[in-house]
Amino acid sequence: MDSRLRAIAAAVASAVSIASPAGADEIVVQSINAYVKSTVDNFNRENPGDKVHFRLVSYQSINDSLPVQLASGGGPDISMVADWNGLAKYYLDLRPYVDAAYFEREFGTVLAMLRARDARPDAINGMTGAITMNGAYVNRTLFRQAGIAMPSPGATWDDWADAARRVAKATRTPMAMEVDRSAHRFASIAISYGAKLVDANGDFVVDEGLKAAIRKFVAWHRDGTLPMDLWGAVGGATHRDNFDDFMNAKVVLYFGGSWQLERMNKEVGDLFDWAVIDAPCGPAACALMPGGGAMVAFKHTKSPKLAARYLAFAAREENMREQLARGANIPLATTLVKTGVSYPNASELVREALASYTRQVPSIPPAAYAFQGWRFQRAAMNAMTTRISQVLNNELDVDTAAAFIKKDVDLAIQAARR
Amino acid sequence: MKGFEEKAMGVLSAIASLPARAVEPLMVLLQRVLGVGRLPWVFLLPNLTVILFFSVLPILINVLYSVTGSDNLYPSERHFVGLANYATLLECGDYLDPSTCSRDLFWRAVRNALVFVPSQVVVMIGFALVTAIALNRRIHARGFFRGIFFFPVMLSPVVVAMTWVWLLQRDGALNGVLGAFGLDRLSWLSDPARAFKWSIFVTVWAHMGFYTIILLAGLQSIPADIYEAAKMDRASPWRVFSRITLPLLKPVLLVVFILCTIRSVQTFDEIYVLTGGGPGTATKMIVHYIYETGFAVMPRNYGLAAAASLMLGVVLFLFTALQMKLSRKGQDA
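Chains as they are written, first to last, in my numbering: chain L, 27 to 444; chain H, 3 to 335.
Hints were generated in silico from the structure; no laboratory data involved.
Do not take every clue at face value.
Stretch-level coverage of chain H by chain L, calculated; a stretch enters the list once three of its residues show a Cβ under 8 Å from a Cβ in chain L [claimed, not checked]:
{"hint": "1", "segment": "179–193"}
{"hint": "2", "segment": "280–289"}
Here are the computed lysine to any residue pairs in the SDA-like style, where the Cα-Cα straight-line distance is at most 20 Å [said to hold, decoys possible]:
{"hint": "3", "chain 1": "H", "residue 1": "Lys252", "chain 2": "H", "residue 2": "Glu79"}
{"hint": "4", "chain 1": "L", "residue 1": "Lys432", "chain 2": "H", "residue 2": "Ser101"}
{"hint": "5", "chain 1": "L", "residue 1": "Lys195", "chain 2": "H", "residue 2": "Met156"}
{"hint": "6", "chain 1": "L", "residue 1": "Lys432", "chain 2": "H", "residue 2": "Glu93"}
{"hint": "7", "chain 1": "L", "residue 1": "Lys115", "chain 2": "H", "residue 2": "Glu79"}
Only part of the chain H face toward chain L is listed, based on derived beta-carbon distances under 7 Å [what the hints assert, rightly or not]:
{"hint": "8", "residue": "Leu75"}
{"hint": "9", "residue": "Arg172"}
{"hint": "10", "residue": "Asp235"}
{"hint": "11", "residue": "Glu294"}
{"hint": "12", "residue": "Val299"}
{"hint": "13", "residue": "Met300"}
{"hint": "14", "residue": "Pro301"}
{"hint": "15", "residue": "Asn303"}
Only a predicted model underlies this, so the values are computations on that prediction, with no experimental measurement involved.
Beta carbons are placed, not taken as given, at the ideal position from N, Cα and C, and that holds for glycine.
Just chain L, with the same shape it has in the complex (with noise of 0.2 Å):
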């Protein structure tokens, strides 16, 4: 019967377009993002004999959609997955078919975080040669209009806020700080702040510096620094962002990330003068949280051999190189950390801030790899993510929301062991 269920599901989900097409010789690569596209077609010039499909979708599919298709045994053969750790036990193992020694040269760091438990220390699940970080993002144009001088290096985040809220004052800006509502962005603060938020044995750590986190992300919405729009006016473990404020020169400093360089460089240009700056700093570290896409192959994939090819494709170090320019991105594979990446169709400020996260890619603290690269990261994220919003609503104190955040992540963690 069981049986029948899988067959049966497996026809569904190849009839509503989510698992391969037919024919051996043929894969799916789906990603969030479009260039992937040049790729999949330098792919298929070099070898006529295969044919891979694109498919571009959004981050929502990737996180909702996805997790159900793999688990009905379908879905693409190749996938940008977010969730580095949470899908691992669908990742085909590519020993087998690509240069090892390679792979693990290139790419050590994100190979270790894709393995799933069971895996053999050595596999090798897919590759990556960019990296996404999270970032602050400055208006210098509004400190230099307030006559402001903008925090040095090293500055903590008390030091920002307090000259955000100044400048924001003295222009008249509407917002003095926005942070994207995602725990992932939350989360450098919290590290910053002292949290551990995973041990040695893999379990999740409620301490004090998670508290102090809260209690400080709190302090800012109450005191208008964060206005409730993001974290407090959306509930659950909705991502919401408002990335257009900073574009539109409504906030002084807007924490995001690394991928809203494409839009800067497309739609912000050098209209207003703007940065990323280090990583603001808490007591504990001045931390950013590295994160993006991995690009996996899937068990299910009738052509692993195809898809292995593909993703050495996809390693080549000029391949790698041009993606990277295509999407303003920060360079991860060992080979183009070292050489650098050109940045063709980059404004000068695009490029500047780039520089900026490549340089702070080495002092990425080693927390921040290990909740990266948590199984049940999504869990504890989307739990931080509800309990924050609930504190901010006087739902909860931050104590309790802390004793929550930890019951909701490990009866998570207990309901998929169960």
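Since chain L is already given, all that's left is putting chain H on it; use the hints.
Relative to the frame of chain L, chain H by itself:
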């Protein structure tokens, strides 16, 4: 000419009766084999099959998920956990304080629903009734106004919600109007009480037309001579409404009440887009909790979501049964 018509009708009748004649031997055979009493089941079979596959089977699968655990999708990869999912949902120190519950968000959603559903149903039926009565009168451009009130029903819930988001957001049209008059902007959706009221308003705006049409049909089915008799007796408008319209509209009102209540409990899409269940959990509804638990957060907890949906289903079933019983009682009286 008459002869031609009769001939034509004869030919058409013969053609129309062909399918019946063709299946007649089969029917006779089935009647002989199954007996007269069982033959109706043959006619019901297509509908029963559809109901079995699209209603009964999903419910059974839901039951199966609710008594199994893990984040795996296939039943064979899930473990039997008995009633553990139900116990988790019901585990509460004090049901009046959701913070003491194991799944506090579920109970916050229940608490919200207990306020949202009666409020929305009363406002919805009240406005729908007033609108239906107004549209039943001989007013100018009656057809146009009927169309206007029904128009939101044809829109996708997401479109409805997005439209209202654009109106109500910080830089939305409503704040733009306030700003134009030199007034302070208001946070329409970031204040819990305001967001809750707007959730009721938007859902009423979106669905009122549907119930208005049903009530309008009910009003039009009331015989005109009763109103004429009341007019001759010089009955006041309120007396006409309370003694004629309302009692004769009662069966239709009951249907509207049941439909509206069920729909209200199931509210999800508009509010999900409008507020995401926030601020905090101020507008989180039960179906939103089920969706988040089963499909939006990682790891997926299909078992808990299935248990919550079945509990909701049972409550709705009991509620509908009660309403039907009251309805029959009213008709008998």
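Results for each hint:
1. Counting residues of the segment 179–193 of chain H whose beta-carbon sits less than 8 Å from any beta-carbon of chain L gives 3, enough to reach three: the coverage restraint holds.
2. Counting residues of the segment 280–289 of chain H whose beta carbon lies closer than 8 Å to any beta carbon of chain L gives 7, which reaches the threshold of three, so the coverage claim holds.
3. Of the pairs offered as hints, the one joining Lys252(H) and Glu79(H) is violated, with about 51 Å between alpha carbons and a cut-off of 20 Å exceeded.
4. A threshold of 20 Å between alpha carbons decides the hint, and for Lys432(L) with Ser101(H) the separation of about 14 Å falls inside it, so the pair holds.
5. For the hint linking Lys195(L) to Met156(H), the alpha-carbon distance of about 46 Å lies beyond 20 Å, and the restraint is violated.
6. For the given pair, Lys432(L) sits about 17 Å from Glu93(H) by alpha-carbon distance, which is consistent with the 20 Å threshold.
7. A distance of roughly 13 Å separates the Cα atoms of Lys115(L) and Glu79(H); the hinted pair therefore holds under the 20 Å criterion.
8. A cut of 7 Å between beta carbons decides the hint on Leu75(H): the least distance to chain L is about 4 Å, and the hint holds.
9. Interface restraint check: Arg172(H) against chain L, minimum CB-CB distance 5 Å, threshold 7 Å, status holds.
10. The beta carbon of Asp235(H) comes no nearer than 55 Å to any beta carbon in chain L, farther than 7 Å, and the hint placing it at the interface is violated.
11. At about 6 Å, the closest approach between the beta carbon of Glu294(H) and any beta carbon in chain L falls short of 7 Å, and the interface hint on this residue holds.
12. For Val299(H), the suggested interface contact is upheld, since its CB lies about 4 Å from the closest CB of chain L, less than 7 Å.
13. The criterion of a C-beta within 7 Å of any C-beta in chain L is met by Met300(H), whose closest approach is roughly 3 Å, and the hint holds.
14. Using the Cβ-Cβ criterion of 7 Å, the hint placing Pro301(H) at the interface with chain L is satisfied: the shortest such distance is roughly 4 Å.
15. Evaluation of the Asn303(H) hint against chain L yields a held restraint, the C-beta minimum of about 5 Å falling below 7 Å.
Of the numbered hints listed earlier, those contradicted by the structure are 3, 5, 10.
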